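Protein chains in written order, with my numbering: chain A, 1 to 274; chain B, 1 to 312.
Just so you know, the hints here were simulated from the structure itself, not pulled from any lab data.
Incorrect hints may appear among the rest.
[What the hints assert, rightly or not] Some chain B residues near chain A, calculated using beta-carbon distances under 7 Å:
{"no.": "1", "residue": "N16"}
{"no.": "2", "residue": "I17"}
{"no.": "3", "residue": "V18"}
{"no.": "4", "residue": "Q21"}
{"no.": "5", "residue": "P50"}
{"no.": "6", "residue": "I227"}
{"no.": "7", "residue": "V229"}
[Stated by the list, open to error] Lysine-lysine pairs mimicking DSBU-like chemistry, simulated, CA-CA at most 35 Å apart:
{"no.": "8", "chain 1": "A", "residue 1": "K100", "chain 2": "B", "residue 2": "K122"}
{"no.": "9", "chain 1": "A", "residue 1": "K165", "chain 2": "B", "residue 2": "K275"}
{"no.": "10", "chain 1": "A", "residue 1": "K100", "chain 2": "B", "residue 2": "K27"}
{"no.": "11", "chain 1": "A", "residue 1": "K100", "chain 2": "A", "residue 2": "K165"}
{"no.": "12", "chain 1": "B", "residue 1": "K27", "chain 2": "A", "residue 2": "K165"}
{"no.": "13", "chain 1": "A", "residue 1": "K191", "chain 2": "B", "residue 2": "K27"}
{"no.": "14", "chain 1": "A", "residue 1": "K191", "chain 2": "A", "residue 2": "K100"}
{"no.": "15", "chain 1": "A", "residue 1": "K191", "chain 2": "B", "residue 2": "K249"}
{"no.": "16", "chain 1": "B", "residue 1": "K119", "chain 2": "B", "residue 2": "K275"}
{"no.": "17", "chain 1": "A", "residue 1": "K165", "chain 2": "B", "residue 2": "K25"}
{"no.": "18", "chain 1": "B", "residue 1": "K117", "chain 2": "A", "residue 2": "K191"}
{"no.": "19", "chain 1": "B", "residue 1": "K117", "chain 2": "B", "residue 2": "K27"}
{"no.": "20", "chain 1": "A", "residue 1": "K191", "chain 2": "B", "residue 2": "K223"}
{"no.": "21", "chain 1": "A", "residue 1": "K191", "chain 2": "B", "residue 2": "K275"}
{"no.": "22", "chain 1": "B", "residue 1": "K122", "chain 2": "B", "residue 2": "K223"}
{"no.": "23", "chain 1": "B", "residue 1": "K122", "chain 2": "B", "residue 2": "K275"}
{"no.": "24", "chain 1": "B", "residue 1": "K249", "chain 2": "B", "residue 2": "K275"}
{"no.": "25", "chain 1": "A", "residue 1": "K165", "chain 2": "A", "residue 2": "K191"}
[Claimed, not checked] For the chain A half of the interface with chain B, some residues (derived, Cβ under 10 Å), not all of them:
{"no.": "26", "residue": "Q8"}
{"no.": "27", "residue": "I11"}
{"no.": "28", "residue": "A24"}
{"no.": "29", "residue": "A87"}
{"no.": "30", "residue": "I124"}
{"no.": "31", "residue": "P164"}
{"no.": "32", "residue": "L167"}
{"no.": "33", "residue": "A171"}
{"no.": "34", "residue": "I173"}
{"no.": "35", "residue": "G175"}
{"no.": "36", "residue": "P188"}
{"no.": "37", "residue": "P192"}
{"no.": "38", "residue": "D208"}
{"no.": "39", "residue": "L226"}
{"no.": "40", "residue": "Q261"}
Treat the numbers as computed from the prediction; the structure is a model and nothing was measured.
Virtual Cβ for every residue (Gly too), placed ideally from N, Cα, C.
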Amino acid sequence: MSRKSSSQLMIRVVLFLLLTLIIAPIIYAVLASFKTNMEIFSSPFSLPSSWNFENIVNAWQVGNFQQYIINSAIVTVGGMFVVALVASPAGYAFSQLTFKGNNLIFYIVLLGMALPVQAIIIPIFFHLRSMGLVNTLTGLTLVSAALALPFSIFLMRNTFRDVPKALRESAMIDGAGEWRIFWTVMLPLAKPGLVALLIFTFMNIWNDFLLPLVLLMSQSKYTISLGLYSFQGEMATNYSLIFGGTVISMIPSIIVYLIFQRSFIEGMSSGSNK
Amino acid sequence: MNMNLPTVNVSAQNQNIVRGQRNNKIKRFAVIASFLSPALILYGVFMLYPMADAVRYSLFDWNGASPTMNFVGIENYARLATDTLFFRALGNNLLWVVLSLTLMVIPTLVLAVLISKVKRGKTFFRAAFYLPSVLSLAVVGVLWSKIYDPTMGPINIFLRAVGFDFMARNWLGEQMFVIPALVIASTWAFYGLYMILFLAGLQSIEPQMYEAADIDGAGPIRKFWYITVPSLRNTMNVVISMVIIHALKGFALIWIMTQGGPFYMSEVVSTLVYKTAFSMNQVSYATAQSVVLGIIIIIFTIGFNYYRERTE
Numbered sequence: 001m002s003r004k005s006s007s008q009l010m011i012r013v014v015l016f017l018l019l020t021l022i023i024a025p026i027i028y029a030v031l032a033s034f035k036t037n038m039e040i041f042s043s044p045f046s047l048p049s050s051w052n053f054e055n056i057v058n059a060w061q062v063g064n065f066q067q068y069i070i071n072s073a074i075v076t077v078g079g080m081f082v083v084a085l086v087a088s089p090a091g092y093a094f095s096q097l098t099f100k101g102n103n104l105i106f107y108i109v110l111l112g113m114a115l116p117v118q119a120i121i122i123p124i125f126f127h128l129r130s131m132g133l134v135n136t137l138t139g140l141t142l143v144s145a146a147l148a149l150p151f152s153i154f155l156m157r158n159t160f161r162d163v164p165k166a167l168r169e170s171a172m173i174d175g176a177g178e179w180r181i182f183w184t185v186m187l188p189l190a191k192p193g194l195v196a197l198l199i200f201t202f203m204n205i206w207n208d209f210l211l212p213l214v215l216l217m218s219q220s221k222y223t224i225s226l227g228l229y230s231f232q233g234e235m236a237t238n239y240s241l242i243f244g245g246t247v248i249s250m251i252p253s254i255i256v257y258l259i260f261q262r263s264f265i266e267g268m269s270s271g272s273n274k
Numbered sequence: 001m002n003m004n005l006p007t008v009n010v011s012a013q014n015q016n017i018v019r020g021q022r023n024n025k026i027k028r029f030a031v032i033a034s035f036l037s038p039a040l041i042l043y044g045v046f047m048l049y050p051m052a053d054a055v056r057y058s059l060f061d062w063n064g065a066s067p068t069m070n071f072v073g074i075e076n077y078a079r080l081a082t083d084t085l086f087f088r089a090l091g092n093n094l095l096w097v098v099l100s101l102t103l104m105v106i107p108t109l110v111l112a113v114l115i116s117k118v119k120r121g122k123t124f125f126r127a128a129f130y131l132p133s134v135l136s137l138a139v140v141g142v143l144w145s146k147i148y149d150p151t152m153g154p155i156n157i158f159l160r161a162v163g164f165d166f167m168a169r170n171w172l173g174e175q176m177f178v179i180p181a182l183v184i185a186s187t188w189a190f191y192g193l194y195m196i197l198f199l200a201g202l203q204s205i206e207p208q209m210y211e212a213a214d215i216d217g218a219g220p221i222r223k224f225w226y227i228t229v230p231s232l233r234n235t236m237n238v239v240i241s242m243v244i245i246h247a248l249k250g251f252a253l254i255w256i257m258t259q260g261g262p263f264y265m266s267e268v269v270s271t272l273v274y275k276t277a278f279s280m281n282q283v284s285y286a287t288a289q290s291v292v293l294g295i296i297i298i299i300f301t302i303g304f305n306y307y308r309e310r311t312e
């Protein structure tokens, strides 16, 4: 017994040490966002001499971060909406409806999961330009949603596959049409999968860098990732302000994570294991 | 006379049934199309069509601005085959793959095993260790380039403070250090995901296996190598393939921290594609590069899944 509890203590100590090491960069950034440039240099590991939010406020004002957060929210929420609305019926059809070519079409969609964005980003840019959608949040939203589709359809197909087919048949005998069955019977049962899908989509679109970098040109359209990147360039030597901007950019992701932490981690483990 | 009547009726009935069946078929098709078409249209317009276009662009000579495109066949690919910069980028991708496999797989597994052994507070450790992975790569990139900063960065300040001045250096500016430094930042950003996958895998191992090993008197290290690692084969496969694919696709961190520099020392294929297309305006040549990268990744992904299905 005592050998067991001492090994428990050992594991805890090791884990806390590792955790300190892992969290150190985040702590460093938060502390530095309260410091002056001089202080960051002369005492990088100490607490700031005074806790004022000057850097964060300045970064917020100078760096246009309010605009970036609004833009990110528009693209992310819009993308989540489109993905959920389009991928769930498709995943349902692939898992529960029998039709010719079901497997073939599904494999073509699945191919998209292997296809890296890098391989098609150039045509996407020119394609969007010819549609007049380059440098618009609409264009970025549509492309982000489309790129998320293969995995989302795959996830929803797996979710609906676990729903017993008998449920569909009995609803059919009651005279319900396919869409009615989908909305009132199936979708509520697929809630866990849908939640995982929404979390994935949120993380991917909110954190994306490459698509905004290629598809957005004017600063007023920037999302938070692109905004922070350009802010770092403009403020190259003003470390306090850069850390202020970095902390601003960290906060939304961390808040969302803390709220949805449990379903977040469950979604990650189930979603990627399938 | 009367004999014919019923047969006519029957055939009319049959016709009605056939017509009804056809109507049903059309209705059925419309229903299925209504479920699938929004997804398929979006997928077709923004993925399949660009995929075909990527191949098309790569066979032309085009700068992205001129109204005409010159067909050049496989000339872009021939140029690629002798482009030392491209091979250097590909080589950096491979180095990136090797380093991330070393840094990510076993250390992350050990971390997951430690967390799974904790009796109370498992949820806390799992959530806390995952924290860096929720940050965007833009945040990770900006933060770590400041950590590596030659004068203001905490690493160098610490090394100088403890008298190891000779070890302080420009981490992102030297050939020997730039890629390892980038991979460390990327490990920090991604290990959480693999840790969670391993934790999920660990839960599915039968506790009886460990009990049997305990009876045989096996120590923790033996149990790790002879029970944990083999039982996690599937998870291990998933993690290894994800690490490799991530390493081949890597763009954001490198672009934010070094832009592939200095002097192409951290250039990878995706940063090279971006530069070639959007700063050098060699759109068709860049597309050829991206097609090759895409093919490498697709072959790898499909080959890996095929292997996994066969061994499962």
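Given hint K100/A paired with K191/A - CA-CA distance at most 35 Å: 28 Å, holds
Given the hint that K191/A pairs with K249/B, test it: the Cα-Cα distance must not exceed 35 Å. Holds, at roughly 32 Å.
Does Q8/A pass the interface hint, meaning its C-beta sits closer than 10 Å to a C-beta of chain B? The hint holds - Q8/A has a Cβ within 10 Å of chain B, the shortest such distance being about 6 Å.
Per-residue hint verdict: A87/A, partner chain B, C-beta under 10 Å: 6 Å, holds
Hint check: is the beta carbon of P164/A less than 10 Å from a beta carbon of chain B? 19 Å, violated
Restraint satisfaction for Q21/B [CB to CB of chain A, less than 7 Å]: 15 Å, violated
Would you settle whether the hint for I17/B is holds or violated, based on the nearest Cβ-Cβ distance to chain A being less than 7 Å? Violated: closest Cβ of chain A sits about 21 Å from I17/B, beyond 7 Å.
If you take the shortest Cβ to Cβ gap from Q261/A to chain B, is it below 10 Å? 5 Å, holds
Quick check on the hint: A24/A CB to chain B CB, less than 10 Å? 9 Å, holds
Supplied contact hint for N16/B, tested at 7 Å Cβ to chain A: Violated - the Cβ of N16/B stays beyond 7 Å from chain A, reaching only about 22 Å at its closest.
Restraint outcome when G175/A is required to lie within 10 Å of chain B by C-beta distance: 15 Å, violated
Is it true that the CA of K100/A sits at most 35 Å from the CA of K27/B? With Cα atoms ~14 Å apart, K100/A and K27/B stay inside 35 Å; holds.
Violated hints, listed in ascending order, are 1, 2, 3, 4, 6, 7, 8, 9, 16, 19, 20, 21, 23, 31, 32, 33, 34, 35, 36 and 37; each of the other numbered hints is respected by the structure.
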